[in-house]
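Produce the entire structure from the sequences given, and follow the hints as far as they go.
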Amino acid sequence: MNILVGYTGVHGSTHGIAERLATRLAECGHVTVVVPLAAEQKTGVYDAFVLGSAVHHGAWLGQATDFIRSHPSTLATHPTWLYSVSVPPHAGRWPVRGGAEPRQLAGIRSLIRPREHQMLAGAVYRDHVSRWQHLAFRARGGRYGDHRDWKAVDNWAERIHHRLAGADAADTGL
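Numbering of the sequence shown is given in this note's numbering, commencing with residue 1 and proceeding in unit increments.
Everything labelled a hint here was simulated from the structure, so no lab data went into it. Each residue gets a CB set at the ideal place from its N, CA and C atoms; glycine is no exception. Wrong hints could be hidden among the right ones.
[Said to hold, decoys possible] Between beta-carbon pairs, the in silico distance windows are: (1) R109 - H56: 14 to 22 angstroms; (2) E19 - T43: 18 to 26 angstroms; (3) G12 - H117: 20 to 28 angstroms; (4) A139 - E116: 32 to 40 angstroms; (5) A139 - C28: 41 to 49 angstroms.
[Claimed, not checked] Think about it this way: if two alpha-carbon atoms lie no more than 20 angstroms apart in a straight line, the pair counts; the simulated DMTMM-like pairs of lysine to aspartate or glutamate are: (6) K151 - E19; (7) K151 - E27; (8) K42 - D66; (9) K151 - E116.
As C-alpha coordinates, then:
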(Lines of atoms letter the chains of each structure in order from A and count residues from 1; the text may use other names and numbers.)
(Lines give C-alpha, C1' and ligand atoms only; values in the text may rest on other atoms or scores of the structure.)
Protein backbone atom coordinates (compact mmCIF):
# COMPACT_ATOMS: atom_id res chain seq x y z
CA MET A 1 0.00 0.00 0.00
CA ASN A 2 1.04 3.60 -0.59
CA ILE A 3 0.95 5.41 2.74
CA LEU A 4 1.28 9.12 3.41
CA VAL A 5 2.89 9.69 6.80
CA GLY A 6 2.23 13.36 7.45
CA TYR A 7 3.28 15.49 10.37
CA THR A 8 3.24 19.01 11.75
CA GLY A 9 5.70 20.00 14.42
CA VAL A 10 7.93 22.77 15.64
CA HIS A 11 11.10 21.33 17.17
CA GLY A 12 11.60 18.00 15.37
CA SER A 13 10.03 15.39 17.68
CA THR A 14 6.98 14.86 15.51
CA HIS A 15 9.07 14.68 12.35
CA GLY A 16 11.30 12.05 13.96
CA ILE A 17 8.29 9.98 14.92
CA ALA A 18 6.88 10.28 11.38
CA GLU A 19 10.20 9.07 9.95
CA ARG A 20 10.27 6.11 12.34
CA LEU A 21 6.67 5.14 11.53
CA ALA A 22 7.39 5.34 7.80
CA THR A 23 10.55 3.25 8.15
CA ARG A 24 8.75 0.54 10.09
CA LEU A 25 5.82 0.48 7.67
CA ALA A 26 8.24 0.29 4.72
CA GLU A 27 9.97 -2.67 6.40
CA CYS A 28 6.55 -4.36 6.35
CA GLY A 29 6.37 -3.89 2.58
CA HIS A 30 4.45 -0.63 2.24
CA VAL A 31 5.53 2.32 0.13
CA THR A 32 5.73 5.32 2.46
CA VAL A 33 6.18 9.03 1.93
CA VAL A 34 6.89 11.40 4.83
CA VAL A 35 5.78 15.00 4.35
CA PRO A 36 5.01 18.04 6.46
CA LEU A 37 1.26 18.56 6.30
CA ALA A 38 -0.09 21.39 4.18
CA ALA A 39 -3.68 21.98 3.07
CA GLU A 40 -2.70 21.86 -0.61
CA GLN A 41 -1.00 18.45 -0.30
CA LYS A 42 -2.18 15.99 -2.96
CA THR A 43 -3.86 12.91 -1.52
CA GLY A 44 -5.15 10.95 -4.54
CA VAL A 45 -2.14 8.63 -4.89
CA TYR A 46 -2.27 7.23 -1.35
CA ASP A 47 -4.13 4.18 -0.07
CA ALA A 48 -3.79 5.05 3.62
CA PHE A 49 -2.78 7.93 5.89
CA VAL A 50 -0.93 8.24 9.19
CA LEU A 51 -1.18 11.87 10.31
CA GLY A 52 0.26 13.55 13.34
CA SER A 53 0.78 16.85 15.05
CA ALA A 54 2.66 18.24 17.96
CA VAL A 55 0.29 19.34 20.70
CA HIS A 56 0.82 22.87 21.98
CA HIS A 57 -1.44 24.33 24.67
CA GLY A 58 -3.75 21.33 24.39
CA ALA A 59 -4.33 21.61 20.64
CA TRP A 60 -3.03 20.29 17.35
CA LEU A 61 -1.11 22.78 15.23
CA GLY A 62 -3.08 24.63 12.56
CA GLN A 63 -1.40 23.00 9.56
CA ALA A 64 -2.58 19.57 10.67
CA THR A 65 -6.19 20.58 11.23
CA ASP A 66 -6.16 22.59 7.97
CA PHE A 67 -4.98 19.49 6.10
CA ILE A 68 -7.78 17.36 7.56
CA ARG A 69 -10.42 20.03 6.86
CA SER A 70 -9.13 20.29 3.27
CA HIS A 71 -9.43 16.54 2.57
CA PRO A 72 -12.30 15.14 4.66
CA SER A 73 -13.85 12.91 1.99
CA THR A 74 -10.52 11.29 1.06
CA LEU A 75 -9.54 10.71 4.68
CA ALA A 76 -13.00 9.39 5.59
CA THR A 77 -12.90 6.82 2.78
CA HIS A 78 -9.33 5.61 3.29
CA PRO A 79 -7.72 3.93 6.30
CA THR A 80 -6.46 6.80 8.44
CA TRP A 81 -4.60 6.83 11.74
CA LEU A 82 -3.84 9.88 13.86
CA TYR A 83 -1.14 10.59 16.41
CA SER A 84 -0.42 13.42 18.78
CA VAL A 85 3.00 14.24 20.20
CA SER A 86 2.99 15.89 23.59
CA VAL A 87 4.84 16.33 26.84
CA PRO A 88 4.58 12.91 28.46
CA PRO A 89 2.86 12.60 31.84
CA HIS A 90 6.04 11.12 33.35
CA ALA A 91 8.10 14.23 32.50
CA GLY A 92 7.00 15.65 35.83
CA ARG A 93 3.81 16.81 37.46
CA TRP A 94 2.73 18.57 34.26
CA PRO A 95 -0.94 19.54 33.96
CA VAL A 96 -3.26 16.79 32.77
CA ARG A 97 -3.49 18.65 29.44
CA GLY A 98 0.10 17.57 28.69
CA GLY A 99 -0.94 13.94 28.28
CA ALA A 100 -4.55 14.46 27.24
CA GLU A 101 -5.96 14.24 23.75
CA PRO A 102 -6.00 17.51 21.81
CA ARG A 103 -9.22 19.45 22.07
CA GLN A 104 -9.99 19.24 18.30
CA LEU A 105 -9.90 15.46 18.27
CA ALA A 106 -13.62 14.91 18.85
CA GLY A 107 -14.46 17.06 15.82
CA ILE A 108 -11.79 15.38 13.71
CA ARG A 109 -13.09 11.95 14.66
CA SER A 110 -16.62 12.81 13.60
CA LEU A 111 -15.35 14.33 10.34
CA ILE A 112 -13.05 11.54 9.08
CA ARG A 113 -13.62 8.50 11.33
CA PRO A 114 -9.95 7.53 11.85
CA ARG A 115 -9.09 3.94 12.71
CA GLU A 116 -7.20 4.99 15.83
CA HIS A 117 -5.59 7.92 17.62
CA GLN A 118 -2.34 7.42 19.51
CA MET A 119 -0.80 9.75 22.09
CA LEU A 120 2.99 9.66 21.85
CA ALA A 121 5.64 11.28 24.00
CA GLY A 122 7.88 13.90 22.47
CA ALA A 123 10.98 15.79 23.44
CA VAL A 124 11.05 19.03 25.39
CA TYR A 125 14.17 21.09 25.97
CA ARG A 126 14.77 24.37 27.75
CA ASP A 127 15.07 26.31 24.50
CA HIS A 128 11.60 25.08 23.44
CA VAL A 129 9.79 27.11 26.07
CA SER A 130 9.54 30.72 27.19
CA ARG A 131 10.93 31.88 30.51
CA TRP A 132 7.48 31.68 32.13
CA GLN A 133 6.76 28.26 30.67
CA HIS A 134 10.15 27.11 31.96
CA LEU A 135 9.35 28.33 35.47
CA ALA A 136 5.95 26.61 35.42
CA PHE A 137 7.42 23.42 33.94
CA ARG A 138 10.15 23.20 36.57
CA ALA A 139 7.77 24.14 39.40
CA ARG A 140 5.67 21.11 38.46
CA GLY A 141 8.72 18.87 38.48
CA GLY A 142 9.11 18.72 34.70
CA ARG A 143 12.23 17.08 33.27
CA TYR A 144 13.69 18.21 29.98
CA GLY A 145 14.84 15.65 27.47
CA ASP A 146 13.83 13.30 24.71
CA HIS A 147 10.95 11.24 26.09
CA ARG A 148 10.04 9.49 22.82
CA ASP A 149 9.31 5.80 23.34
CA TRP A 150 10.61 4.16 20.17
CA LYS A 151 9.32 0.75 21.19
CA ALA A 152 5.79 2.18 21.49
CA VAL A 153 6.18 3.81 18.05
CA ASP A 154 7.42 0.54 16.53
CA ASN A 155 4.57 -1.43 18.13
CA TRP A 156 2.01 1.04 16.82
CA ALA A 157 3.47 0.81 13.29
CA GLU A 158 3.17 -2.96 13.54
CA ARG A 159 -0.51 -2.67 14.59
CA ILE A 160 -1.17 -0.35 11.65
CA HIS A 161 0.46 -2.84 9.30
CA HIS A 162 -1.65 -5.70 10.66
CA ARG A 163 -4.83 -3.65 10.29
CA LEU A 164 -3.87 -2.79 6.71
CA ALA A 165 -3.04 -6.43 5.96
CA GLY A 166 -6.46 -7.39 7.33
CA ALA A 167 -8.08 -4.75 5.12
CA ASP A 168 -6.22 -6.16 2.10
CA ALA A 169 -7.44 -9.67 2.87
CA ALA A 170 -11.02 -8.43 3.32
CA ASP A 171 -10.85 -6.50 0.04
CA THR A 172 -9.64 -9.54 -1.92
CA GLY A 173 -12.06 -11.97 -0.26
CA LEU A 174 -9.29 -14.00 1.41
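Each hint, compared with the structure:
Distance hint for R109 and H56: a CB-CB separation of about 20 angstroms, consistent with the stated range 14 to 22 angstroms. Distance hint check: the CB atoms of E19 and T43 are about 20 angstroms apart, consistent with the given range 18 to 26 angstroms. For the hinted restraint 20 to 28 angstroms between G12 and H117, the CB-CB distance of approximately 22 angstroms keeps it satisfied. At about 34 angstroms, the CB distance of A139 to E116 agrees with the hint of 32 to 40 angstroms.
Look at A139 against C28: about 44 angstroms separates their beta carbons, and that is inside 41 to 49 angstroms. For the hint linking K151 to E19, the alpha-carbon distance of about 14 angstroms falls within 20 angstroms, and the restraint holds. As the CA atoms of K151 and E27 are separated by approximately 15 angstroms, the hinted pair is consistent with the 20 angstroms bound. The straight-line distance between the Cα atoms of K42 and D66 is roughly 13 angstroms, inside the 20 angstroms bound, and the hint therefore holds.
With a C-alpha separation of about 18 angstroms, the suggested pairing of K151 with E116 holds against the 20 angstroms cut-off.
Going through the hint list in order, the structure satisfies each hint without exception.
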